[in-house]
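Those sequence lines, one after another, are chains A and B.
Numbering-wise, the first sequence is residues 1 to 133 according to our numbering.
Numbering-wise, the second sequence is residues 1 to 703 according to our numbering.
Keep in mind the hints are simulated off the structure, nothing from the lab.
Note that the coordinates shown come from a computational prediction; the quantities given were computed from them, not determined experimentally.
It is possible that some hints are incorrect.
Unchecked claim - Pairwise CB distance ranges (calculated): (1) A:Asp-80 / B:Glu-525: 24 to 32 Å; (2) B:Gly-511 / A:Glu-126: 52 to 60 Å; (3) A:Arg-36 / B:Ser-302: 53 to 61 Å; (4) A:Glu-8 / B:Gly-511: 30 to 38 Å.
Backbone N, C-alpha and C define an ideal beta-carbon position, used for all residues, glycine too.
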Amino acid sequence: MRRRLPDERRVLIVEDEDTIGEVVADALMLEGYEVRRARNGREALEMVHEWLPHLILLDLMMPVMDGWAFRAAQRRLAGDAADVPVVVLSGAREVRARADELGAVEAMSKPFELNHVIEAVGRWIERGPSAAE
Amino acid sequence: VPDAAAGRSDEVRSLRRSMRDLVALSTLPAVWGDFRADQIAESLADVLVGMVDLDLLLVRVPLSPGQPPYDAVRTRTDGPYASEQVRTLADALPADPGGARTISRPDGGGALGMVAVPLGLGGDSGVLVAASEAPRFPSENDRLFLTVGANQAAMVLQRRRAEEQLQRSQRELSDFMENAVVGLHRVGPDGRILWANRAELDLLGYTSEEYIGRPVADVHADPATIEDILGRLSAREELHNYPARLRCKDGSIKHVLISSNARWEGDRFVHTRCFTRDVTEVVRAEQGRELLVRAGEVLASSLDWDATLDHVMDLAMPLLADFGFFDVVEADGRVRRIASAHEDPRRQAILDSSRWSRADHTDLNVCALTSGRTGFHPDITGAWLHAVAAGPEHLAVMRDLAFRSMVTVPLRHGERTLGALTLFFADSGRRHTEDDVALSEELARRAAMAVENARLYGEAQAAIRVRDEFLSIASHELRNPVAGMKGAAQMLRRADERGQLDGARLRRYVGMIEQTANRLATLTEDLLDVSRLQQGVLPLRPRRTDLAALIGSVIARFQEQSPAHQLALDLGCSPDPAVVDPDRIEQVLENLLGNAVKYTPGGGPIEVTMGPDQGGLLLRVRDRGIGLPEPFLERIFEPFGRASNAVERNIEGLGLGLYICRQIVEQHGGRLWAESDGEGKGTTMLLRLPASDCVTDDAASVA
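Here chain B stands alone, though its shape is the one from the complex:
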């Protein structure tokens, strides 16, 4: 009995111990709470070697994918099993290590009972290998403990893995949402933004703190649009690619397409989910294209470029500017500001009145005009304004205009800068981009083409006007003598038929006809010369010419014809022979002397002097005749240009001679001009010819 009692008592003890151990095993998941897999393996190994009489234990658990599994190894310290041998053993285990078997001790000292227990289904959470020299290993108890321990570990590890997978997929989803290239946000029933992803924050330039909690209507540029969107969503409509304009923190506008729906729980509106796709670049590219097309139409439709550029500026706003202007370089080099545009009339007046002068400005803000280069200043600071200001007044004006971004692009034609287009962003808070610069340059290129076309057209029109005026005067000048001649001839016949043709009348009319015919001949020659000059085909035939001799002979001729005038020649030196067209220079000299005689009607001295001047020759023909009123000093060199006092005195003349003379002299590289102290005070004509070697073949031919 005692034995039996002792045996029962042993059994009871053993049972109690088993119960205690099983309870301990069942509490392991709680202990392992936030253990890592390797810690779980170690902990399980510790627990099991305390419960089962083992010579060898290996708990192998998988770590994260790609890493080798973790082995927790226990060996009886006095046994022959080193940890390396155990691992080799575990590695060698068959794929399904379910059943018990016997293995030999490595040192040949007998057999070990061995058991392998998979962790989880098919060992997906690891494996547990236990071996012992105990004679009845593995007993039922041994199996129980090892299996329960393995299951506990497998359960925790599998749950852990499931949790990790869930977390990972949640993290992936949230990463996806957060980092999606489309903007995402949710709006609560109160119309405030509940959440927004990075792309949306980046799109609008807000931080998360600034953005979350803001009424979504705040960021919409068009109140009607968001009202419509919210209305449709609350009617359970889904939106696909609904176009809208959002206002960024910096004031700039983004064009977006919105896809959205609302989440409902029963009748309760939870939130709206909204995808925001930024199509600003697409829209702006379209707008830019449209701007260029419309500007092209405007520019092609008119040659009045003030009005045209005005229209173009209107088109450029608001896409490229809040305000801006064209500056145009006039023929005299001065800059004229046109087509300025500003919504605010007061500031418009400032733009119109601001005067531009190259000297006053630095190259920074007017580089387009001064050097034909684009200026791009998207971030204008107070310091910058200081740097470019021409003075305190200019600074005050610029501050008043309050611009923050500026682009100035040249209007160029070939190497010439015709003007500049300058565009500003001010109150809208927008900044110019590289794309804006490119678009502005394209716009300026087209405007320049139109300005150049208008200029060419203007020149052509002016040339046509000059030609028509010339033809009108020329036809008048031709018809008058013809009419006189015809009248004289008819008068001769008429008088003859009536027997009234006496000798005096005959002589008078024949003289009249002869004189008129001479005039017509001269006029015809002059008109031919003018015509050739205007077509640029008056050829010079330069030769070495003794100018002194030429002048002498012309003077002698005139002196003979005009005894009432005293012609005097004073040669300051005896000039070297010049290379000129002697026939044409003679024509000039005859004209100058002829005028001096003609416009000194009562006779008088005419002094001709010639001397060296600036490496060339200067010839003066000075008379004491009727003189030239100041407004006619230049006018007399234009076709049909005649001085008023000459006309009033009925002094014959067409007004072509001096025009022709000046053209001839200029073709020689020289200058011809008039000086006079005024009416009644005589006239001096001055002719400067360059040094002979200046008269080359190039200068001699008219291109």
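The shape of chain A in the complex, shown without the other chains:
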């Protein structure tokens, strides 16, 4: 079940619900990913400047800066940060339609299966622009 992964396998989790953030981060770390967490869009934007992830797991409804605002700001970022693929994890309704609006590569609605999240991360880390390097 273990696959070969690129040397740097960075995942940024943007999620205000601590339980979810902690569970997903723990699971991905056990899979060998390097994981960081942000509690809202603003924290995430600050983070990607110095720590460029290969994938972003993004919640939508968050305080301070929500998922939509983050995505809009991310796309305006200079360099590779603008192209980091985004998987949306949200409890919002019609999550797929919203993910399409945001140009996310995949959407998962809460509550989700932990396995599916881990599989999705593996899939997109291999395929994503950063993985091609």
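Go by the hints and put chain B onto chain A.
Just chain B, lined up with the frame of chain A:
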């Protein structure tokens, strides 16, 4: 011979006299020229007694119908006949008094010859009775004179009567024409009005002098119509009930049906005769009905009432107004002018920009708005404008608009005045009528219904939006902990399957699940409370409660849980037991103290004071925590309303607690609000409860 000569000479004299008398009789009609019937009778009697040797003469002529006939009576003064006897005699005459007869003298002194001559055919113009004691009365001569005299009188009287009849019928015809309820006029070949009757003058408001001689095209509102009418008439067509619109002297419009034909003498056009029937009321009633129907359609078709009332105003013009507007009372009591309409863009701008304030106006022109009564001013004068003007500027505006007639009707729903519809006639010169007022009121009634419907619809829409937003937030708030819990459970299994489940990880995830479950439980309770509050079914069970003791116990509990905070209670007095629902008030107190602790993250003093206030109780919970930015002082009492600084600091909370607390307090008849000097400067929550006796069963149950 001398005798014979004398006899001949007598005969000649007598003949000459007879000739002279006959000539005199024949000239009588000329003499009688403009005599009345009674004067004719007297004159004839005078003439005849001078010509015939009579003891008694009666000339009886009819006067006007209904009056007794007139008797001219002559009697020889030395005879036995008094005038009364003569009349009795005349009355007693047989119906056809043609022949001569003899009657006895009333005094028994011998016989009188008597003759009766009818005046006119069958005596329809009277009768003449003559009697004499002369031995050969009536002689041929006597008969001749009496008959000629009677015929002359009859001739004059009959002609007179015929003339009178003619005059009367002419007068009747002219009266009929003059006073007919339909308008009548004649137009000459030059297109000018030759004659018009009273009804037509009244219809259009002209005097005869103003109207006669005017080109008929002047009074037609539609030039094409009169052109067509005149064209058809000169083609010898007859018109029946041809619809047209006439312009009155005062500018108002009358709807008429015209029936007309032309009189020709050979090829010469003499004049047209024209019957004008006023159907204005019928037409206006139809137009009014049509207006109401179309307005009803417009009002029912949309819930955007600005646009709808705009459309209704367009329909009302020009039937009810040259210009007008709707004023609508907003929720905050202010008046907003919408849907004003004026053909002239400059004046339209004046209408739109004019500001309305109750204080500025007299009740005269804004009574519909202020007291819900109709105002009807069909004859506006300069003095009236002065009286209602709010100031020189307002006066100038009203003068500029130059309105002469105004109707203002309220838009009412039940006892509430939603607004007013105000309609003006200005440049058209028209005046509003009672019918216009009734129609305006009906229009306003329908508009009010539509405005009320739109308002209810707006409220329903807002409620639905609030509900949807609430559901959306609530579902998010529910899904997050569920997702976390599920993730934690799956993580436990996953770690276990891989042999990575050490004690630390186990404890961490179990703690996480427990904490999340607690949060879900609280959230579920809160959502239930909110749901019950929104349906108005959160029942209170008020009891006499020792508030001081209740507060003391809640404070003690919190102090135990939060050693980093210093909770202090200051009772300004020892309050009487209050009648409240102790469980719900405890829930409020727990929430307020819980917030004070939560939003003072590093610990610090929390002061609780309670004292009498305005006959009730005032409780303050003051902390020195993160404080409240001003925009959130009220926002935090809305469902899911949270202050930005609390969110930024990641302080847990759903934003339902204070919403629920305020509802509970308000059900107790009290008030709950927040004060803060701003971010970082602490927060004070204030709770005022009314005096206990204010908390009645009524206040305690939620309707």
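Task: Range hint 24 to 32 Å (beta carbons of A:Asp-80 and B:Glu-525) holds or violated - done: violated, 47 Å
- [ ] Determine whether the Cβ-Cβ distance between B:Gly-511 and A:Glu-126 falls within the hinted range of 52 to 60 Å.
- [x] violated, 35 Å
Open item on the list: Between the beta carbons of A:Glu-8 and B:Gly-511, is the distance compatible with 30 to 38 Å?
Closed with: With Cβ atoms ~32 Å apart, the hint holds.
- [ ] For the range 53 to 61 Å, tell me whether the beta carbons of A:Arg-36 and B:Ser-302 fit it or not.
- [x] Roughly 54 Å apart at Cβ, these two residues keep to the hinted range, so it holds.
Checked against the numbered hints listed earlier, the structure breaks hints 1, 2; every other hint is satisfied.
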